[in-house]
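Asks: Here is how the chains run, residue by residue.
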Amino acid sequence: MAEHMTEHIALVVNGTPREGDVEPRRMLVQFLREDLELTGTHVGCDTSQCGACTVTIDGMAIKSCTMLAVQADGANVKTIEGMQAADGSLHALQEGFWAKHGLQCGFCTPGMIMAASDLLARNADPTDDEIRHAIEGNICRCTGYHNIVLAIREAASLVRAGASAPTPTSITA
Amino acid sequence: MATAVQDVLGTSVRRTEDPRFITGKGRYLDDIKLTGMAHLAILRSPYAHANIRSIDTTRAKTMPGVIAVIVGADIPYNPLPMAWPAGGASGLQNNVSTPRTLATDSVKWTGEGVTAVVAETPEQAIDALEAIDVDYEPLPAVVDAEKATQPGAVQLHENAPNNIVFDWTVGDKDGTEKALAEAEVVVRERLVNHRLIPNPMEVRGDIGWYNPGTDEYTVWMSSQTPHIQRLLLTAFVTGIPEHKVRCISPDVGGAFGTKIFCYADMALVMFASKLIGGGRPVKWVESRRESYGSTIHGRDHITYVEIAGRRDGTVTGVKVKTFANLGGRLSTIGPGIPTTLYGRVLSGCYKIPNVYAEVTGVYTNTTFVDAYRGAGRPEATYVIERAMDLFANEIGMDRAEVRRKNFIPKDAFPYDNPSGLGTAVNGEKIYVDSGDYEPAMDMALKTAGYADLEAKRAEAKTRGKLLGMGLSTYIEVCGVAPSKWIGAVGEGWGAAMWESSNVKVHLTGKVIVTMGTQPQGQGHETTYAQIVSHELGIPMDDIVIQHSDTQGTPFGYGSYGSRTSSVGSTAAIKATDKIKDKARRYAAHMLEASVDDIEVDGAEYRVKGSPDKKKTIQEIAFALDLGFSLPAGMEPYLDETAYYDTPNCTWPFGTHIAIVEVDEETGETDLVRYVAVDDVGKKINPMIVDGQLHGGIAQGVGQALWETAVYDDDGQLLSGSMMDYALPRASWLPSFELGETVTPSPVNPLGVKGVGEAGCIASTAAVANAVNDALSPLGIKHLDMPFTAQKVWHAIQATKGGRA
Ligand code: FES
Ligand code: FES
Chain A
-18 MAEHMTEHIA
-8 LVVNGTPREG
2 DVEPRRMLVQ
12 FLREDLELTG
22 THVGCDTSQC
32 GACTVTIDGM
42 AIKSCTMLAV
52 QADGANVKTI
62 EGMQAADGSL
72 HALQEGFWAK
82 HGLQCGFCTP
92 GMIMAASDLL
102 ARNADPTDDE
112 IRHAIEGNIC
122 RCTGYHNIVL
132 AIREAASLVR
142 AGASAPTPTS
152 ITA
Chain B
24 MATAVQDVLG
34 TSVRRTEDPR
44 FITGKGRYLD
54 DIKLTGMAHL
64 AILRSPYAHA
74 NIRSIDTTRA
84 KTMPGVIAVI
94 VGADIPYNPL
104 PMAWPAGGAS
114 GLQNNVSTPR
124 TLATDSVKWT
134 GEGVTAVVAE
144 TPEQAIDALE
154 AIDVDYEPLP
164 AVVDAEKATQ
174 PGAVQLHENA
184 PNNIVFDWTV
194 GDKDGTEKAL
204 AEAEVVVRER
214 LVNHRLIPNP
224 MEVRGDIGWY
234 NPGTDEYTVW
244 MSSQTPHIQR
254 LLLTAFVTGI
264 PEHKVRCISP
274 DVGGAFGTKI
284 FCYADMALVM
294 FASKLIGGGR
304 PVKWVESRRE
314 SYGSTIHGRD
324 HITYVEIAGR
334 RDGTVTGVKV
344 KTFANLGGRL
354 STIGPGIPTT
364 LYGRVLSGCY
374 KIPNVYAEVT
384 GVYTNTTFVD
394 AYRGAGRPEA
404 TYVIERAMDL
414 FANEIGMDRA
424 EVRRKNFIPK
434 DAFPYDNPSG
444 LGTAVNGEKI
454 YVDSGDYEPA
464 MDMALKTAGY
474 ADLEAKRAEA
484 KTRGKLLGMG
494 LSTYIEVCGV
504 APSKWIGAVG
514 EGWGAAMWES
524 SNVKVHLTGK
534 VIVTMGTQPQ
544 GQGHETTYAQ
554 IVSHELGIPM
564 DDIVIQHSDT
574 QGTPFGYGSY
584 GSRTSSVGST
594 AAIKATDKIK
604 DKARRYAAHM
614 LEASVDDIEV
624 DGAEYRVKGS
634 PDKKKTIQEI
644 AFALDLGFSL
654 PAGMEPYLDE
664 TAYYDTPNCT
674 WPFGTHIAIV
684 EVDEETGETD
694 LVRYVAVDDV
704 GKKINPMIVD
714 GQLHGGIAQG
724 VGQALWETAV
734 YDDDGQLLSG
744 SMMDYALPRA
754 SWLPSFELGE
764 TVTPSPVNPL
774 GVKGVGEAGC
784 IASTAAVANA
794 VNDALSPLGI
804 KHLDMPFTAQ
814 KVWHAIQATK
824 GGRA
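Protein chains in written order, with the working numbering: chain A, -18 to 154; chain B, 24 to 827.
No wet-lab data here; the hints were simulated from the structure.
Each hint should be verified, as a subset may be incorrect.
Derived coverage of chain B by chain A (criterion: at least 3 residues anywhere in the stretch with Cβ under 8 angstroms from a Cβ of chain A; other residues may be distant) [as the list claims (entries may be wrong)]: (1) 36 to 47; (2) 219 to 227; (3) 305 to 312; (4) 540 to 548.
For every residue, glycine included, the Cβ atom is placed at its ideal position computed from N, Cα and C.
Please construct the entire structure, taking both the sequences and the accompanying hints into account.
Replies: Listed below in structure tokens is the structure:
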């Protein structure tokens, strides 16, 4: 039987140019997790409901289980692995989630952080309500969200106080 | 001089496990990639009830990448074990049907595994499933537990007439019936505690690896109980000797009970790895849709409750009849949940003299039901808390005052509740050990502004909203459990329930602690390190907690039943006690003093009266681990293991109050405030404890307002994907307001009680009582959960003579 047809794609992931040959049906999340071995991006559902797979493309949060890898050809993708600074220091959101106990099992956390990075890039001082709406595409079964809201608020205030701001359009981590 | 180590016990230190999770370096089951790994997919029954006539795998075998196709008849394993029979009056069941590794003759629910494909990639395995031809003989199905017991209902298993798994009773039948007959007031209601799909964010999966060189198996599993699974898979299922199997749980992405159990897929990946040969590991990971049929569901009770009492508010009797849906076959401890963990705590925190419950466990053509966060106790809390409200409303007395009047008084502990917590083999009972319920309730009432309820109601009414307040004054039994009780014939899990800990202080002063428990998000790596740091005076940074690998940790029963902080922590303390004892004896040797003269202060071991003569634990460990100079009879190394069996369970309690507003026009319910005052005893890490409460409350609220598993009459799961099953989202919930009272548990040295389930046990009843309170001015006496806008709207319309 003939091999499946594959497509060649080239994109930037966490500031590094990456290439690959993918089946047309391959989802971006599989390309990230299996081909690039960036397993910080998780899969929690098969109906685009949970947000565990959230990454950003040019700063905008998207569900990588819903996008074909071929659609990401030429895109600038950021995953949880790209959030730390080059010197290893934590992003304000990572700091916020750690300080405010914004995670328990940690499975939803990468997606939450990526969704929140989109919010903070647009809104430096979100209200609790704005935070709750911004992450409503991301399900957390552990925390009841209370501490996630506190974590994102904490991150926002860290950013405003001069910690490294989320840089939605920059390709460097 | 040793620098004083900051005592971290009882403080909200940041979690040590978090750096890996916030940077995307957690390692969950599906993140594991092994050399040569093949992938397995399972073909599941599309029918809820059918006989399997034949299975044709010819086409599938020729599909690209396919390595093997497996049917049930190929597998010589036994069916899965059922480890917690209901026992009691129903006797030991002889009608147990549990899943086989793959079904052979028949299927009993949509989702039961029938055939498996092993292929080079997951996609190839899934593609090949479509080329398998199974010839089914479809049979009629039954999904409702009460209907399934009626004469003429579809029969699932020949040896279970009327689909009854057990008829279990507890309490004093005659006394309770007499109390009902003589009561001034009796209120009766039918309560449905609907079925839930637990939905941890990480689905389940396993990797099986047969090593042909050593004839040994390693199984990675997303499990709360790797030690138990090794035991069950070897002693009961596969026949492979226990010492030939190693089970490992990597990071587990939430569990809530679902990952306690022995599942067919665990045995299947073991079988498949050996079958395909070459030492190739085989991985299976369920999809979310698949998990709705392959991982347990929770709750699903139909209950008839009768509550009797006097017009002064005294409750004199409670009688309960419950149909508990257990699914098409039994899960590992399915029958134990609606019996021991439900029937025996039905009287809640109230001193009710007469309690009697009958529970009928029932087979239906649905996914198996087992322990989901709270497991039996949320169902019991729901029944008694709804019943208290119904009773209060009937006699026209304030709901809080009725509760106050019936609370077990604080001087009545230890309290032997009338539904009995089981007679252990030696005749000993489990007592409710401690409690002081009024202060928690008063604090909650005050915080929630309960006294102003009617004014709030009137104000809301001007906005077209029906406001309601609901109370839930709960207790839970957790910290399971004394082995002699849990092992009582026919009543307990067919095993013990102690815990274990090994503590090693290495030559460099670094400490490795291995535990028999298994975390799924609760922060064990942090809290155990806080305890060990406190006990040994060694900084937390020098302590690592290891767990979840049968090869590297002492046997333990795992984490569930809110048992880790009370039973697991005490094991760790017992191990550090042994360490300290040996260190003290060795310090005496080093300092040429008598043991009795050595006093311990944190990390320092000093000679009484000569403060300069001292050694630190690090110095002691260095010398003792080298072993150059040992006193007679002393072994080298600071390495101690403790196995700890708890003398009793623990009894958290509290009062939760929900405030809801129902839109009179649309029927939409909004949870506007939630106040929780919990008494979970002392807290090892308050931040983590509060996090557990928040998460638990959200899950319980989810049941009351949105979540429900719905089957049609043919046994098709209509809420069969995350698109159809409504999990709580951030924008649907308010931030919960937490308060506390602290009554230390007398059972363990830390005074802790356990907190994993408390929020979930209390909150469903609080919200249900709130919505029913909101609807009560319309003359609605009781409405079942979940309070979807559609259901509430219909109920409101019916009171107005409109469409019902
Ligand atoms: S995996 Fe659930 S939304 Fe993408
Ligand atoms: S932390 Fe477990 S799902 Fe969010």
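Asks: Hint numbers the structure violates, sorted upward?
Replies: none
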